[in-house]
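Protein chains in written order, with numbering that gives the first Met the number 0: chain A, 0 to 125; chain B, 0 to 472.
It should be emphasised that the hints constitute simulated quantities derived from the structure, not laboratory data.
A few of these clues could be false.
[To be verified] Facing chain A, according to a computed beta carbon distance under 7 Å, are these residues of chain B, among others:
(1) T49
(2) V50
(3) W121
(4) T284
(5) A285
(6) T370
(7) G371
(8) D394
(9) W397
[Claimed, not checked] Calculated cross-link-like contacts (lysine to aspartate or glutamate; reagent style DMTMM-like; alpha-carbon spacing at most 25 Å):
(10) K119(A) to D17(A)
(11) K119(A) to E99(A)
(12) K337(B) to D436(B)
(13) K53(A) to D385(B)
(14) K53(A) to D394(B)
(15) K53(A) to D41(B)
(16) K190(B) to D119(B)
[Claimed, not checked] So these bits of chain A aren't anywhere near chain B, every CB distance computed over 12 Å:
(17) T19
(18) V33
(19) E34
(20) N43
(21) D45
(22) S61
(23) V73
(24) E74
(25) G76
(26) P77
(27) E81
(28) L100
(29) P101
(30) S109
(31) R111
All values derive from a computational prediction rather than experimental measurement.
Don't be surprised by glycine CBs; every beta carbon is placed ideally from N, CA and C.
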Amino acid sequence: MLVVSCCILAGCSGRGTDVTVTWTVDPPRPAAGVEIVVQLSVRNSDGTPATGVKMQCAAQMSHPGMAPIISPIVERGPGIYETRLQLSMPGDWVLVASGELPGGRSVTSSFRIPGVPPAKTPASLP
Amino acid sequence: MDVLRLPLVGSFLRWRRSRTLLQVGLLAVAAAVVVDGIFGPDIAPRNLSTVLTSIHWRGLLVVSLVVVGNLFCTACPMILVRDAGRRILPPRFTWPRRLRRKWLALALLVLVLFSYELFDIWEAPAATAWLVLGYFAAALIVDLLFKGASFCKHVCPIGQFNFIASTMSPAELQIREASTCHGCRTFDCIKGQRTAAEPVRLVQRGCELGLFLPGKVGNLDCTMCLDCVHACPHDNIALMTRVPGLELLDTRRRSGIGRLADRLDVAALAVVFTCAALINAFAMTAPAVALESRLATLLHVRSEAVVLGLLFVAALAAVPAVLLVGAAAATRAAAGEKASPLQLVAWRYAFSLVPLGFGIWLAHYGFHLLTGVLTVVPVSQSAALDLFGWAALGDPLWRWTGMPPGSVYPLQIGLVAIGACGSAGLMWAISARDYPDVPWRASAPWLAVLVMLTVAAFWILGQPMDMRGLATG
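All chains should be modelled from the sequences, with the hints used to inform the complete structure.
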């Protein structure tokens, strides 16, 4: 069961779409090198779940020029989409989900994860 | 070798419109930076504003300096805008004598570097765009008020960086034959060219930075605008290849500058240039984040400005002062010259740090260029998609970046090592010139400083990156 402690309504946008995307990241303060589960709730403007959206997630460091981590987003349930990835280094990251709604309209949404710490080794855990 | 005599390249540079063409190209790039920065996505790795400035402009700037010379001043689009503005409003004033040293420009350079870190401009497309617009506005205002290239010579922070870095460039504008200049009575290279038919009208301006070519030594204050080349009626100006860095040993009086030995401001610029290379690279690493957090806790402050300010004061003033004064004292003692003021000794050797500083800048900006050079492709594709509503340049290839970071690391170490060797060579040459009886003993303290700074650079380059917006937040 996902621990929801960080949800941000990242209004959707950019290319004339009417869906709303809500992001959830578990763990909420991920460290570098640790797998995170990213869940997106995609809803139409009338509040109904948006199904059949084809998206991929690109995790990029906030500094330009770094290689992105790209992972497919799969639909887990009506309007619920999920992907898993590992952030490769500490720092500020931004996750960008982009793809297409049924009917061909494009969708893009982003979510920032600031201050990702380095991975803790077992010896350094309290 | 005279680059102006080479086929193609030489012909292009001698063409009077070559600079304009380069400036138009960069103006178009600047326009793309501003438009995408203000209207595009607020995600730095996906915006032309931050990608083109942080990756391509910075990287190509240092690469062009080491391959040719001050090409980015040659192609500066702000001068194009300023020239257009001067057709409407010619400048009336002369730059104040009291502001003709580099102190103002040096302060602005430090301010730009500090602001870059404090406001995380590298991750702020809109802020980058407004900074570019502000820079254009500043250049226009200064040069609409003051004659000559006042902004370039006395204000532009990027220009000062380029001037000091261009002392390491492999080419320099200089006269071909001194005898030709001795016979010249019109001095077009600095006064500009006029025709006999219209003696009042300037058909080609001369050097706006006050560099009289027969007295010009080195690349300091030269924007490679090539106005002197186009103005000289005797075709007596060449872009000659040379040994990079040697001009820092030249004690002759330089036209438009004076003697380096009399220019504490230029010596300070050389020191800041080198130490800023270290702090700029350090600020991107995990130890920097940890240090900022620890300082914030120790000082009970939450303001990043205070912590960052302390780091900058330490890196650009306190530590260099201790190192340079210490080394100067040791050199003076070794040479038995107790009467020489310490600051004069430090001042002479300060210029020898430039090759190391340039090596570090090249290693840092070169890293970002090599690892991210291809990112301009997907970002341009994405910008086209936003602009036209369809994939006019194809679907964005987000996986396109550049070389793997690990494969660039040996190159970075090599560049710093080459820079360190250059600095060591200059230190030895200064010692041999000024302390011919004890060159090794005079060099030793400076070589020790060089080793410390080089080891610091190697250590920084080996640290894991950790780019954060707010370390104290």
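To see whether the hints hold, each was checked on the structure:
| no. | hint | in the structure |
| --- | --- | --- |
| 1 | T49 | 5 Å, holds |
| 2 | V50 | 4 Å, holds |
| 3 | W121 | 6 Å, holds |
| 4 | T284 | 10 Å, violated |
| 5 | A285 | 6 Å, holds |
| 6 | T370 | 6 Å, holds |
| 7 | G371 | 2 Å, holds |
| 8 | D394 | 10 Å, violated |
| 9 | W397 | 5 Å, holds |
| 10 | K119(A) to D17(A) | 41 Å, violated |
| 11 | K119(A) to E99(A) | 37 Å, violated |
| 12 | K337(B) to D436(B) | 16 Å, holds |
| 13 | K53(A) to D385(B) | 19 Å, holds |
| 14 | K53(A) to D394(B) | 15 Å, holds |
| 15 | K53(A) to D41(B) | 23 Å, holds |
| 16 | K190(B) to D119(B) | 44 Å, violated |
| 17 | T19 | 18 Å, holds |
| 18 | V33 | 15 Å, holds |
| 19 | E34 | 19 Å, holds |
| 20 | N43 | 21 Å, holds |
| 21 | D45 | 25 Å, holds |
| 22 | S61 | 4 Å, violated |
| 23 | V73 | 19 Å, holds |
| 24 | E74 | 21 Å, holds |
| 25 | G76 | 27 Å, holds |
| 26 | P77 | 28 Å, holds |
| 27 | E81 | 20 Å, holds |
| 28 | L100 | 15 Å, holds |
| 29 | P101 | 19 Å, holds |
| 30 | S109 | 6 Å, violated |
| 31 | R111 | 9 Å, violated |
In this structure, the hints that do not hold are numbers 4, 8, 10, 11, 16, 22, 30 and 31, in rising order.
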